[in-house]
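S.K.: Residue-level listing of the chains:
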Amino acid sequence: MLAAVRSPCRRAASKAALRTRSFATSVNAAGLRVAAFDNGQPSASVTFLVKAGTRHESKAGVAHFLKNFAFKNTANRSALRIARETELYGGILSSSLGREHLALTAEFLKGDEAYFVDLLSEVVTSTRFSRHEFMESVLPSVQAESSEASHNPVLTALDVAHSLAFRKGLGSSLVASPAGPVITEEDVKAYAHSTFTKSGLSVFGTGIDSATLAKLVEKSLSSLASSGSSASASATKYFGGESRVLLESHGPQTIFIGYGSASAVTPELQVLAAHLTNTPSIKWSEGAVSTFSNMPHGASVQTVLLPYSDATLFGFLIQAPTSETVHQAGKSVVAALKDVSGSFKGDALKRAIAKAKMSSAAALETRQGLLDAISLDSNTTLESAFTGIEKVSAQTAGSAASSLTKSKPVYVAVGDVHSLPHADELGL
Amino acid sequence: MVLLGGPLGISLAPYIVKNPGLHRFIKPWANMFINASGYRKVGLRYDDLISEEREDVQKALSRLPDKESYDRVYRMRRAFQCDTMRRLLPKDQWTKPEEDVRYLTPYIREVEKEDTERAEWDAMDVKAVRKPLTA
Numbered sequence: 001m002l003a004a005v006r007s008p009c010r011r012a013a014s015k016a017a018l019r020t021r022s023f024a025t026s027v028n029a030a031g032l033r034v035a036a037f038d039n040g041q042p043s044a045s046v047t048f049l050v051k052a053g054t055r056h057e058s059k060a061g062v063a064h065f066l067k068n069f070a071f072k073n074t075a076n077r078s079a080l081r082i083a084r085e086t087e088l089y090g091g092i093l094s095s096s097l098g099r100e101h102l103a104l105t106a107e108f109l110k111g112d113e114a115y116f117v118d119l120l121s122e123v124v125t126s127t128r129f130s131r132h133e134f135m136e137s138v139l140p141s142v143q144a145e146s147s148e149a150s151h152n153p154v155l156t157a158l159d160v161a162h163s164l165a166f167r168k169g170l171g172s173s174l175v176a177s178p179a180g181p182v183i184t185e186e187d188v189k190a191y192a193h194s195t196f197t198k199s200g201l202s203v204f205g206t207g208i209d210s211a212t213l214a215k216l217v218e219k220s221l222s223s224l225a226s227s228g229s230s231a232s233a234s235a236t237k238y239f240g241g242e243s244r245v246l247l248e249s250h251g252p253q254t255i256f257i258g259y260g261s262a263s264a265v266t267p268e269l270q271v272l273a274a275h276l277t278n279t280p281s282i283k284w285s286e287g288a289v290s291t292f293s294n295m296p297h298g299a300s301v302q303t304v305l306l307p308y309s310d311a312t313l314f315g316f317l318i319q320a321p322t323s324e325t326v327h328q329a330g331k332s333v334v335a336a337l338k339d340v341s342g343s344f345k346g347d348a349l350k351r352a353i354a355k356a357k358m359s360s361a362a363a364l365e366t367r368q369g370l371l372d373a374i375s376l377d378s379n380t381t382l383e384s385a386f387t388g389i390e391k392v393s394a395q396t397a398g399s400a401a402s403s404l405t406k407s408k409p410v411y412v413a414v415g416d417v418h419s420l421p422h423a424d425e426l427g428l
Numbered sequence: 001m002v003l004l005g006g007p008l009g010i011s012l013a014p015y016i017v018k019n020p021g022l023h024r025f026i027k028p029w030a031n032m033f034i035n036a037s038g039y040r041k042v043g044l045r046y047d048d049l050i051s052e053e054r055e056d057v058q059k060a061l062s063r064l065p066d067k068e069s070y071d072r073v074y075r076m077r078r079a080f081q082c083d084t085m086r087r088l089l090p091k092d093q094w095t096k097p098e099e100d101v102r103y104l105t106p107y108i109r110e111v112e113k114e115d116t117e118r119a120e121w122d123a124m125d126v127k128a129v130r131k132p133l134t135a
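Chains as they are written, first to last, in full-length UniProt numbering: chain A, 1 to 428; chain B, 1 to 135.
Bound-form chain A, shown alone (with noise of 0.2 angstroms):
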């Protein structure tokens, strides 16, 4: 019976496995990658990924400033105008900026794929960068997200944690610094040359046909210089450390406590952090089922798994209104990663397996873990990923967390540094 339950689920996944394989082979002639998806969704979407991330900037800053340029005044097509055609449209433009990638995204009515496909394909070949839109809009903008991004604890955490771990490269921070160095037009006209090419572009449609997206893009993009001078990155290297970063005094207190690699995530891993985990999978039945002991009431505990193209973060953010709380919950933390091993076996291991197939499962369900997917280039396949997780056993999975904590810990408090634990105090 339940074999039998199953084996619908079991087509849908190989379909999905399938879709996102096409991807890997899908290289035109024109040295495009496209790679569509299309179940059957009420509205379309297409997004250009670009190699653009903050690893690869030459200046620190200059990629949070070219995301924040994008649909500015084209050679054709001014701001204004592509804002108001796309109102008609009915459609949505949106820029979002990854450590790997800059993505630029449209979301609109089947039909329309022609007009969007061949904004996007504008805004990546001709953006003319002008100096007032630098200064009007551009600028004010970064000034916003940035002074918003280092008031917000958990980003700050992140940020700091990533530099820690892997100094250059991915280390870089996500948004520009109003203390980096001066960034002007002529630097995000630079980047975008030298990122903005056939090599280090991909494009993905939603609710679109493979072939039809892959016409449309071949026609719109063929100026599209064929690879830029500085598109490939640096290896990562894992390196580890602690840092304490004074905000908000007054706020939620926050640590990450955190491990990294310098290879892509594993499926040990995968199932580590469906293992350490402290949400539950019920709302309102905290503590049921929980790895960790002794976890003080009022701190959230928050697993991160942070995979990119060669590395990997894994690690937990604890957040509490006090910094004695805080330092309960990171005890506790450091405990459970320390005694994986013992309690990892029996009903735990078969819980961590399944959740982490479930979560690997539900997000290809939704455009952003399709995405996720695609920007790490990976050719694993649902299937694949589903009997990469079932190998997994309480040994392999407790010698990849004993390698892992080998490494020197990435440990960042922020909130009130004086009364925050540091990280020998919490047993790292």
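These are calculated hints, taken from the structure and not from any lab test.
Wrong hints could be hidden among the right ones.
Below, a list of computed lysine to aspartate or glutamate pairs in the EDC-like style, where the Cα atoms sit at most 20 angstroms apart [as the list claims (entries may be wrong)]:
| hint | chain 1 | residue 1 | chain 2 | residue 2 |
| --- | --- | --- | --- | --- |
| 1 | A | K345 | A | D416 |
| 2 | B | K67 | A | E133 |
| 3 | B | K59 | A | E133 |
| 4 | B | K67 | A | E185 |
| 5 | A | K72 | B | E117 |
Guided by the hints, dock chain B onto chain A, whose structure is given.
M.R.: Leaving out everything else, chain B in the frame of chain A:
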């Protein structure tokens, strides 16, 4: 001051320049007018005289490169000083015809174009309706 024809006022210059005969005929009169108006004798440029009490010109001024902007302020202060002293500058400091460039006009034109475009979009008439979806 409200000017007809946008921030730069009405100008026949484009039509005159297009016609070489007319241009040759008008040019000496234009030079006489410039000489009589005397702004070059206090070191100003023609674009320093454009009425700046308008939003579009203010925006154009804000877009001037820093150097141009400082030089403009310097020229104006020098001209005010000349006016207060009831004196002209020494002849070697007069603005030479080749220095009298329209450094502000391109910026004003750009702002004007943006304003016109915005007005057009605000009063647009959508005619092209998407074709009905087939199949």
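S.K.: Is the Cα-Cα distance between K59 of chain B and E133 of chain A 20 angstroms or less?
M.R.: holds (12 angstroms)
S.K.: Take a quick look at whether K72 of chain A and E117 of chain B sit within 20 angstroms of each other, Cα to Cα.
M.R.: holds (15 angstroms)
S.K.: Has the given pair, K345 of chain A with D416 of chain A, been kept, meaning a C-alpha gap of at most 20 angstroms?
M.R.: This hinted pair is violated, its Cα atoms lying about 38 angstroms apart.
S.K.: For K67 of chain B and E133 of chain A, compute the direct alpha-carbon distance and say whether it is at most 20 angstroms.
M.R.: Given pair K67 of chain B, E133 of chain A holds - Cα atoms ~19 angstroms apart, limit 20 angstroms.
S.K.: Would you check the hint for K67 of chain B and E185 of chain A, treating anything up to 20 angstroms between C-alpha atoms as holding?
M.R.: With Cα atoms ~17 angstroms apart, K67 of chain B and E185 of chain A stay inside 20 angstroms; holds.
In terms of the numbered hints stated before, the structure departs from hint 1 and from no other.
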